[in-house]
Structures are given as C-alpha cells and as structure tokens.
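Asks: Here's the letter readout for the chains.
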Amino acid sequence: MKLSAIAKAIGLSFEGEDLEISGIHTLNEAIAGQITFLDNPKYIPDLEKTNASAVLCDRASVAQVPVGCIALVDEEPYLKLALASKLFAPKVIETDGPDAIIGEGSFVSEKAFVGTGAVIGKNVKILPGTFIGCYAKIGDNTIVHANVTVYRDCEIGKECIIHSGTVIGSDGFGFAHTKLGEHVKIYQNGNVVVEDDVEIGANCAIDRAVFGTTYIRKGCKIDNLVQFGHNVDIGEYSILVAQCGIAGSSKLGRNVVMGGQSATAGHLEIAPFTTFAARSGITNDVKQSGKTYGGFPLMEQRQWLKLQAKLARLLKSK
Amino acid sequence: MKLSAIAKAIGLSFEGEDLEISGIHTLNEAIAGQITFLDNPKYIPDLEKTNASAVLCDRASVAQVPVGCIALVDEEPYLKLALASKLFAPKVIETDGPDAIIGEGSFVSEKAFVGTGAVIGKNVKILPGTFIGCYAKIGDNTIVHANVTVYRDCEIGKECIIHSGTVIGSDGFGFAHTKLGEHVKIYQNGNVVVEDDVEIGANCAIDRAVFGTTYIRKGCKIDNLVQFGHNVDIGEYSILVAQCGIAGSSKLGRNVVMGGQSATAGHLEIAPFTTFAARSGITNDVKQSGKTYGGFPLMEQRQWLKLQAKLARLLKSK
Amino acid sequence: MKLSAIAKAIGLSFEGEDLEISGIHTLNEAIAGQITFLDNPKYIPDLEKTNASAVLCDRASVAQVPVGCIALVDEEPYLKLALASKLFAPKVIETDGPDAIIGEGSFVSEKAFVGTGAVIGKNVKILPGTFIGCYAKIGDNTIVHANVTVYRDCEIGKECIIHSGTVIGSDGFGFAHTKLGEHVKIYQNGNVVVEDDVEIGANCAIDRAVFGTTYIRKGCKIDNLVQFGHNVDIGEYSILVAQCGIAGSSKLGRNVVMGGQSATAGHLEIAPFTTFAARSGITNDVKQSGKTYGGFPLMEQRQWLKLQAKLARLLKSK
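Chain order of the listed sequences is A, B and C. Residue numbering for the first sequence follows the numbering used here, starting at 1365 and increasing by one per position. Residue numbering for the second sequence follows the numbering used here, starting at 1365 and increasing by one per position. Residue numbering for the third sequence follows the numbering used here, starting at 1365 and increasing by one per position.
To be clear, the hints were calculated from the coordinates, so they are not data collected in a lab. No experiment lies behind these values; they were computed from the predicted model shown. Any given hint could be a false lead.
Repeated chains share a single entry, so a pair holds when one copy, or any two copies, can fit it.
Think about it this way: if two alpha-carbon atoms lie no more than 16 Å apart in a straight line, the pair counts; the simulated EDC-like pairs of lysine to aspartate or glutamate are [to be verified]:
# : residue 1 : residue 2
1 : Lys1651   : Glu1664
2 : Lys1655   : Asp1463
3 : Lys1522   : Glu1468
4 : Lys1501   : Glu1468
5 : Lys1450   : Glu1523
Whole structure, please, built from the sequences with the hints as guidance.
Replies: Here it is as structure tokens:
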C-alpha cells in the first residue's frame, strides 16, 4: 500500500516522494519498507535507530526521526496507529487460494474445517468441530481435539496435544483511546507459534501478537482455562496450572512453574526455573533463577508463609 | 397459559376468575397479564405497586397484594416460582418457523448453524462451527469467529467482533432450594443484548437474564475468559480485562475498567469512570465516580499500596 | 498386552513367566491382571496389600512386593509409569465399531457428531457443533447445548443440562519429569461420570481420571468457567460458583458451596455442608461439617472478617 494512501486513510497530510509500505511493526522490529510509530517519548532512542521507512509520531519527536524515514505527524500517533493497523489486517477468512495440504496418514474429520492454504503434517488427528484457519500449520503426529479453534496464520508444532475448546490466535487486547473515552481497535496482525511437544488443556485462550509472534515454546505443558495475552513468550518446558494468566508481552524463561490462578502483569521478564505458588500475583521482573515465590504482592514463598503466621498472631491479639 | 393451569402445574389451589398469563417477571417489571413473585418481605413496597395480574407469595403478605392482582399462596413462593418458570421456558431449539434472513454481502459458513427466525445483517461474517440460535439477531458488519455460541433470542449489534469459544446467552445461575438441600432450576427466560461496536475475547461466558435482558453496552471491550452473570448491565465503553467476573444483576457505569482476575459480587452498582486494579474484590456499591480501587476487601488503590507497605514492615518486625 | 512386551516397550529387562496385563491402576485399585506402580515410599503399606499382578518400583522396595506380583525395577518408576500409560491409551477417535444408539424422541443435530458406540437416551437434545465421543453415554431427557465436547467413554446422567463450550473428559494434568526438566505425559485412561440432575454452565473444563473416574454427583449445579482436575469427586447437590477450581483428586462432600473464584489444592477432603466464601483458597482438609470459611490461607469466615477489621486498624495507625 502506498504511504500516501495510508496517510489519506488515517486523515493525515502527506507530501514528498511516495513509497510502497508492506506492513507495520515496532521501532525495533520494523524493517525497510514498513511503517512504525512512537507513542511514548521514552522510546526516542529506538526511534533514532529504527529501520522503518516511515513513522507515526508527534511534532516534538520529528527532529529525532532518522534520515530516510518519513514522519507522519499527529498529536495522537497511537490513535493513528490504530487506524493504520486496520489497513494491514488480513481477511478473517479467505475463500480463494491454494488448497490445504493434508499429510499422509492424517485424519481430518468431515465436521472439522481446514482453511485455504493450511498445511497439515503427517499422522495428525483433527477432530470434529475444530477450525484450522487459512495458512495455519499443524506439525506431524499432533492431535487437535474437538471444537478447537486455530486462527489463520498460526502454527502448531509436532507431537502436540490441543484439548477441546482451546482458542489459539484470537486477537490481543489492544486499543487506542480517544479523548471521549472510546476505544479504537489496534488490529492484531501477528500470529501464534506453539512449538513441538506442547500439551494445552481445555478452554485456554492464546492471543495472537499485535506484530510478530506469541510463543509457547517446546515442551510446555498448559492446564485448562489458562489465559495468554498477545506477544507473550513462554519458555521451554514451563508448566502453567489451571486458570493462571500471563498478560501481554511477558516473557517466561525455561521451566517456569505457575501455580493455579496465579497471574503476571504485562511486559515482565521471569528468570528460568522460577516457581510461583498458586494465586501468586506477579507485578515485577524476577531476575534470579530457581526461587519460589507466592502472594500478592509477590514475595518469596517462605516470606509469605511467615507473613501469614504473623497475621494469625495479629488476629489473636487484642 | 391460564392461571388455573399454572396453579395446577405447580401444585397450588386456585379459585375465582381465571385469566390468561403471558409470562413471569419481577414485581417492578411485570405488566398486566403477567405473574410475579414475592420471595423476601423487604420487597413488600414493590408488591404494593406491582402491575402484575397474579403473584406467588406467602400467607403473611397476602394483605399487601394490590387490588386486581390474584395471590397464589404458598409458604415457599420462590420454589413455586422455579416450578412456574419452567412453564414459560422457550424450546432450546425450534425446527419450525420462519427461515433465517441473511443480509446482503454476508458470509455464513456452511459449517455454521443459523436457527429458524434468526436475522443476520449486511456484510456479517459467521465462521465455521458457530451457532446462532433461533430468533437471534446479528447486526451489520459484525464478525463472529469460529465456534462461538449465541443462544436463541440474543442480539448482537453492528460492528462487533466476537472471538472464538465465547458463549452468549447461556442460562444464568439461579435455583430455588428445597428443605432437603436439592436445587430447583429457575428457568432463565430472558436474553442478552450486546450493543454496537463491542469486542468480546475468546472463551467468555455471558449469561442470559432470568427475566428481561443482560446488557453489554455500546463500545465495551472485553478480554478473554470473562464471566458475566445474568442480568448484569455493563456500561458503555467499559473495559474488562481477562479472567474477571461480574456477578448477577450488577450494573457498571460507563467507562469502568476492571483489571485482570478482578470480580464483583452480585446486585452492585458501580459509578462511571471507576478503575479497579487487577484482582480487586468488589463487594459493595461504588458511588463516587473516577476513583481507582484495589484489594479484597476493596479499598482505594493508594490505601492498598500503603497497607502492603505496612505489612512489609510487620513482616520485618520481631 | 504381555508383561514382557510392556517391559520391552519401556526399556526394562524382564525375566520369568510372562502374563497378560489388562491395564494400569493404583496400588489400592489394581486388580489381578493389572500392573501398578510405587512412586513414593510412604505407600509401601499399600504395596504390601496390592492385588496387582505386576508393579513398577525401585530396587529399595522390591522386598515389599507381595508374593504373586512381579516387580519391574527401575530407579525412576514414575517415569516408567508414564511410558507404560501410553501403551494402554485408547484411540482418541474410532471409526470402526458399533453404530451409536439414539433413543426415542431424541434430537441430534446433523451438525453435531456422535461417535461409534455412543448411547444416547430418550428425549435427549444434542445441539449443533456438539461432539459426543466414542462409547460416551447420555441419559434420558438431558440437554447438551451447542459446541459442547464430551470425550470418549464419559457418561452424563438423566435430566442434565450442559451449557455451550463446556468440555467433559479432557486429559488430566499429569506428567513425570526427567532429570533434564522435560515432562513425560501420563496418559489419562479413566473417564468422567456426571450423575443425574446436574447442570453445568458454559466453558467449564472437567478432566477425565488418570485411572478410574472423575465424579460430578447427583444434583450438583455448576456455574460458568469452572475447572475440575482429574479424579475429583464432587458430592451430591454441591454448588460451584463461576471461575472456581477444584484441583486433582479432591473430594467434596454433599452440599458443599464454593464461592466465585475460590479454589482447592489437590488431594483434599471437604466435609459435607461446608460453605466457602468467594475467593477462598483451600489447602487443607475440612473435617467438620456445616461451617463457613473464607480467605487464603483459609480460616473461618468470621475470623477472616475480624482479620480484615484489624488490618483496617493497622492501616490507620502510624
């Protein structure tokens, strides 16, 4: 899509040499030919290094836009990003395109749906009521139980088991807000990659990335009713117990254990081999590996137990 | 249905002039031709003003039944209500009736189901595995992703996006209890209305009203795995983050924000522009607009932070 | 399957008289012809009494293996159990076998799926998008709403209502762990039995037993988004409010009430007529009937209220 057409579509003026824009991405991840955005002055260092060919930013930041990157200026650049994101959103379903490829030995129920361009590996089982979106990929020997939904462009590895009712690739929860309190959707144009040997329980929800990819890494085991925000990255062999939730963009190291009903805030980094007791509430990075935490606010689990003992004493006091 | 037939079906005696009863509703909402019920003496002022044509009540309340309203008397009126509610329950699925209407430009997958009497607007997308119940309505330009369930009589507005696995219109959780500890279903004969420009994430559950309507108002944005009890009313432009829950009959003002895993008790009123931090536990009305709360029990968020600081000090003390 | 073949498949040596093994079960439940396992020395008394014909155990426990039971010895017997469990896993879907039986007066949507060997009672309603697995049973007059999943071999009683999106019989969350931090699936070869007169809300998840049966007993009423681990046993007429969770192998007595977002740890026993307030966190057995609890850690609800009053005072103090 031409940059001039984008500008027009989102209500911005544009002058100068036009160019073809192939997509939207963050300051750090955008490549030449893409448009990016600056919504917070703390990311100006990233702006100065961006490889994007165009950027949505406010007037105050224009001076930091690198040479060769065209600024589209607005005082609400995040709102403009939301509008622009819609222009690059793929269709929710495509009826034209290449036939799906089904590998040898695979069973695909007649009551399942496999979209155009999808690639199903060998010895896969896709049970009735399951939806495999356009251009999705399912690796060899994977079992996708009944009534699972895999949105378009998402990928599931080999030797996985996905239980019923689970949704992989729903839109992340991202909105820009107008001054009137309305919410404008930021289209979620990324995908989800579930690596090999992952098992996911029933009725989980795994959001696709806004840009890029949401990862569930190799060997993870996920219980039922677990929530994953967009762009999370769950480290290899992590174990997530029922009803826990990982907010957007948080990154867990390998072999992290999340107890039942525990949850993280967004944009956190959790060191490998960290264990969280049930109902932990995690609002800060965990930097040191191998410890066990609990409580909300979070503390080391033995501290939490000590605190509860003190509270029991407080309760008995006059 | 004749009042005499209702009385007979639920095991009550009935004398006097018979009349046709068209439905059941609460004391305040019932209109002429409907039957209502009194299950708690605190609602006697409402009984005195009811427009219902008949009422289930106990002997002690008969004197307060207004003229023109026929009392059906029993010492367990709520149990009798449960039995009566079944008489007015619509069929879960109807095979006769008018063909569904599908608007111009709409895509309805052959692997979706659209019930008799349903009305689908223009440019709607209904993906495979989705169930649109009898007499449900879907507004123009709305996208209903795969494996969504919309129960009969429910309505979704224009420009909405409903993600996979979400259930709209399941029965509310309402039972009368016998002296032996058994639970008798109160049939949930209302519906759900989702207004325009609403987005609902994956695997949410929105219960239909017992009587009347459960509302998700214009412009609301709902994350994944969110729970809505029957008869809730979620104000315009409210934002509900993943895994939060709104118990039955609670009413949120506009632009309320509920953090992840937060929850309200039932029958509450929350002032507009209120923000609840993640995991807030809300058990009382919030009357003043624009504040931020947290904790369980609920307090202002800055108080909660202060309390946590005090607990940290307590923990360090001898 | 021959014991020699099992030994070979899981990488153990086997000498002596071979025998046919019909299945795997726990020390207490295994019958003659089955294989069992000892993964914790505290169960040695059970080992001494087991009726199993073979056992996976470590060298230190061999002396306690009863006469007539053959020991397969390994220093990681639980890991070997995981490998052996796969050998007895039934197929996720079978295409051969007896036709399903559909009782008189039942409605089964053409867009539902009913597996081979399933038995559907009289006057049952199975709505579109619902999956009834092989050899599953649905009792008379039960309503299974749209997009429900009932895995193979599971049973639902008479007069039940199962709401959309609910999953019955997904695999329990059981893994053995290697020294390298990988997780090896313990195949979940049991089932789920939902007894008569049960109502289950939308988007719940009920895991099948690893061995034996997960029970939801007669007259239980379950709200939306509730989680049940494998081998739980929910007593008659219990009420479980939305978003609560029962971890594996916990057993609730009759008429237990679990408030919204409450949860139990695994392997607990809860006395009948116990009530848990919303968000209770239950980590120990409850032995005395009829009390009301709350908080996490759990305490009597009136104690929890008292503690909150003390914390409010602490907050106000200097």
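Asks: Against each hint, give a clear statement of whether it holds in the structure.
Replies: We went through each hint and held it up to the structure:
1. Lys1651 - Glu1664: Answer is within; shortest intra-copy Cα gap is 13 Å, inter-copy 30 Å.
2. Lys1655 - Asp1463: This pair counts as neither: shortest intra-copy Cα distance 49 Å, inter-copy 54 Å.
3. Lys1522 - Glu1468: within (14 Å within a copy, 42 Å between copies)
4. Lys1501 - Glu1468: within (15 Å within a copy, 33 Å between copies)
5. Lys1450 - Glu1523: The answer is between: 14 Å across copies meets 16 Å, while 35 Å in one copy does not.
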